[in-house]
Amino acid sequence: MPIQHGSDKILKSMRRGLGQKGIKDRIDSLRELIPDIRIRTTLIVGYPGEEEKDFQQLYDFVDEIKFDRLGVFTYSEEEGTLAKS
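Each position in the sequence shown, counted from 1, maps to that position plus 5 in my numbering.
One or more hints might be untrue.
Claimed, not checked - The list that follows gives simulated cross-link-like pairs (lysine-lysine, DSS-like), each with its CA atoms no further than 30 Å apart:
| hint | residue 1 | residue 2 |
| --- | --- | --- |
| 1 | 71 | 14 |
| 2 | 17 | 58 |
| 3 | 58 | 71 |
| 4 | 29 | 71 |
| 5 | 29 | 17 |
To be clear, the hints were calculated from the coordinates, so they are not data collected in a lab.
Modelling step: build the complete structure from the supplied sequences, incorporating the hints.
This is the structure:
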């Protein structure tokens, strides 16, 4: 499940479409419909514009959701991406 971040500000900057509440609601719905579901995702830290409060929101989000598997990567610029432009 490609979530990328837990801060509404950063999610908006990434043009992800869903904010933190929308993501939580979807995960809650999935867990209700499929009790044995395993949810994994990757997250990006150090995204342009990320501040300490955004990182704290991400940390709290991860703590609340309790993903079954989680990968965390530092931001890196890539040609042709929205963040690079």
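Original post:
If you check each hint against the structure, which ones fail?
Top reply: none
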